[in-house]
Amino acid sequence: MTRRTVAVALALLTALGGLPAAARAAPAPPDLAWEACPDDLPTVPLDPLDLRVRCARFRLPVDWARPHGATFELMVARRTARTPERRVGTLVFGPGGPGDSGVERIRKADRFSDEMLDRFDLVSFDPRTVARSAAPDCAPDPALEKPPLPLTSQADFDEAVAYNRALWDRCRRDNLVFDHADTLSTVRDLEALRHALGEPRLTFHGSSYGTLLGQQYAERYPARVRAVVLESVFDHSLGVQPFVRSQAATLQDSFDEFVAWCERTPAECAMPGGRHVRAVWADALDRADAGEYAPRTTFDVTAVALGMLSRPRWPELAAVIRDLDAGIRPTEVNLSLAVGTFCADWPVPVRDYAEYAGLVRTAADAAPDVRYGGGLLAVHTCLGWPTPVRNPPHELRVHTRTPLLLMNARHDPRTGHDWAANVAAQLGRHGRLVTYEGWGHGAYQRNACTTAVVDRYLLDLTVPPPGTSCLAT
Numbered sequence: 000m001t002r003r004t005v006a007v008a009l010a011l012l013t014a015l016g017g018l019p020a021a022a023r024a025a026p027a028p029p030d031l032a033w034e035a036c037p038d039d040l041p042t043v044p045l046d047p048l049d050l051r052v053r054c055a056r057f058r059l060p061v062d063w064a065r066p067h068g069a070t071f072e073l074m075v076a077r078r079t080a081r082t083p084e085r086r087v088g089t090l091v092f093g094p095g096g097p098g099d100s101g102v103e104r105i106r107k108a109d110r111f112s113d114e115m116l117d118r119f120d121l122v123s124f125d126p127r128t129v130a131r132s133a134a135p136d137c138a139p140d141p142a143l144e145k146p147p148l149p150l151t152s153q154a155d156f157d158e159a160v161a162y163n164r165a166l167w168d169r170c171r172r173d174n175l176v177f178d179h180a181d182t183l184s185t186v187r188d189l190e191a192l193r194h195a196l197g198e199p200r201l202t203f204h205g206s207s208y209g210t211l212l213g214q215q216y217a218e219r220y221p222a223r224v225r226a227v228v229l230e231s232v233f234d235h236s237l238g239v240q241p242f243v244r245s246q247a248a249t250l251q252d253s254f255d256e257f258v259a260w261c262e263r264t265p266a267e268c269a270m271p272g273g274r275h276v277r278a279v280w281a282d283a284l285d286r287a288d289a290g291e292y293a294p295r296t297t298f299d300v301t302a303v304a305l306g307m308l309s310r311p312r313w314p315e316l317a318a319v320i321r322d323l324d325a326g327i328r329p330t331e332v333n334l335s336l337a338v339g340t341f342c343a344d345w346p347v348p349v350r351d352y353a354e355y356a357g358l359v360r361t362a363a364d365a366a367p368d369v370r371y372g373g374g375l376l377a378v379h380t381c382l383g384w385p386t387p388v389r390n391p392p393h394e395l396r397v398h399t400r401t402p403l404l405l406m407n408a409r410h411d412p413r414t415g416h417d418w419a420a421n422v423a424a425q426l427g428r429h430g431r432l433v434t435y436e437g438w439g440h441g442a443y444q445r446n447a448c449t450t451a452v453v454d455r456y457l458l459d460l461t462v463p464p465p466g467t468s469c470l471a472t
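Just so you know, numbering that gives the first Met the number 0 puts 267 at position 268 of the sequence shown, and the rest follows in order with no gaps.
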């Protein structure tokens, strides 16, 4: 082994930090061998002449506690800076979901400003069990029928638990990563990736669920942080009841904003018979309760609102409500999550239907118009998951040289502004919250102000003053 190889291996062990003595002989990760990306995006064909976009398969331990054990391949993508003479470094993007593909974000290049594209090498990845990174075959058991949501009895509850556990058993078949897909494991993947990229410190932009990765990386490796953006912030300190309540409340807030838009623009939001939009919507939910849109349930109808308020797409939501009034069944909305990640990060200690029904009431009290919110989807997804989880919720303890930059819309139906404010309070002087005084899930590139705040922070390490906000446009 050459001196240089020994130095690289020792540097990796230092970067990973906190390894027990028995693990100190863990090998350094291999170099990233960049090659053409898989041509698997129908709407984004590969350009063979564009050598700036390349992918690599990064082999990592399945279980970081056993670095010499089984391994898997993490799919990584890179888009090199358009003006290399002005290059600042490498920016790693943390995808949301959990279940979103970072490789696709790099291929599409739709998540970055022109200045980011010019001055950073942009890197992202498909996290554990997502898309091209050891995604399990989770085909449902054909012998079991998935109970419709919401659950209405103890029998439904028992069926949901049985369905989930059978599904997870199928996910685990020939897939060792499924039980090691928690965000703390991905934090270790991210640190190994930083080292393999040759970056002395991490520059990171996490979106939605990707903000949890940024938070926990900064908590574990504060000295390795150059700059971390948390956009549309997840709060990992909540128990199941406040989680469900806050998710419902933030969806209700976004629905209220939609109603206010309807009242400002009656021509665009005209309802049949001149009725108020809340009344037409409430009637549609009653009809869904009665089974008029079967197989779509009331939960499915409210999921349509959640999806459209995330942009927001107010005129389209008004059109859907008119269609519901006409008896037209809504299209199905895919709100699936990467189960192995989410359920290992968020415990759902719901023992029976009585406790479940209590959570349904909690959501309905917080959101009388929309009833459920995204929190109940999380509960359904993880019913029956063993506890304790690998990555239990807790309040952050972050001490970085550069404060983390948080950005959140005031009216976000998925990650409410109260979550961002709570995380900022946990960070104290090590965090700075900027509010976009507008609507929808995601705030970066909403306008010139939000773009400039993030770009100046990532490029120049300029931390905005306390209380900074960007007006809605």
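Rather than coming from a laboratory, the hints here were simulated on the basis of the structure.
One or more of the hints may lead you astray.
To be verified - Each computed DMTMM-like pair below joins lysine to aspartate or glutamate, with the alpha-carbon atoms no more than 25 Å apart:
1) K145 <-> D117
2) K107 <-> D46
3) K145 <-> D120
4) K145 <-> E158
5) K145 <-> D285
6) K145 <-> D30
7) K145 <-> E291
8) K145 <-> D38
9) K145 <-> D155
10) K107 <-> D117
11) K145 <-> D39
12) K107 <-> E158
13) K145 <-> D157
14) K107 <-> E198
15) K107 <-> D454
16) K145 <-> D351
17) K107 <-> D120
18) K107 <-> E144
19) K107 <-> D155
20) K107 <-> D157
21) K107 <-> D39
Unchecked claim - Ranges of calculated distance between the beta carbons of each label pair, as one might list FRET restraints:
22) H393 <-> A259: 47 to 53 Å
23) D49 <-> T330: 45 to 51 Å
24) H393 <-> R286: 19 to 25 Å
25) R286 <-> A259: 39 to 45 Å
26) A471 <-> E315: 14 to 20 Å
27) E315 <-> D109: 51 to 57 Å
Using N, Cα and C, we set each Cβ at its ideal position, and we do this for glycine too.
Hints versus structure:
1. K145 <-> D117: Violated, at about 48 Å.
2. K107 <-> D46: holds, 12 Å
3. K145 <-> D120: violated, 44 Å
4. K145 <-> E158: holds, 8 Å
5. K145 <-> D285: Within the cut-off at roughly 23 Å; holds.
6. K145 <-> D30: violated, 44 Å
7. K145 <-> E291: The hint holds at about 20 Å.
8. K145 <-> D38: Roughly 34 Å between the alpha carbons, so the hint for K145 and D38 is violated.
9. K145 <-> D155: Holds: K145 and D155 sit about 9 Å apart, inside 25 Å.
10. K107 <-> D117: Roughly 15 Å between the alpha carbons, so the hint for K107 and D117 holds.
11. K145 <-> D39: violated, 30 Å
12. K107 <-> E158: Violated, because 40 Å separates the two Cα atoms, which is more than 25 Å.
13. K145 <-> D157: holds, 11 Å
14. K107 <-> E198: holds, 24 Å
15. K107 <-> D454: holds, 19 Å
16. K145 <-> D351: holds, 17 Å
17. K107 <-> D120: holds, 14 Å
18. K107 <-> E144: Since the Cα atoms of K107 and E144 sit roughly 37 Å apart, the hinted pair is violated (cutoff 25 Å).
19. K107 <-> D155: The hint is violated at about 41 Å.
20. K107 <-> D157: Outside the cut-off at roughly 42 Å; violated.
21. K107 <-> D39: With Cα atoms ~12 Å apart, K107 and D39 stay inside 25 Å; holds.
22. H393 <-> A259: 47 to 53 Å: 37 Å Cβ-Cβ, so the 47 to 53 Å window is violated.
23. D49 <-> T330: 45 to 51 Å: Violated: the Cβ-Cβ distance is about 35 Å, outside 45 to 51 Å.
24. H393 <-> R286: 19 to 25 Å: Check failed, 43 Å falls outside 19 to 25 Å.
25. R286 <-> A259: 39 to 45 Å: violated, 25 Å
26. A471 <-> E315: 14 to 20 Å: holds, 19 Å
27. E315 <-> D109: 51 to 57 Å: Given a distance of about 20 Å, which is not inside 51 to 57 Å, the answer is violated.
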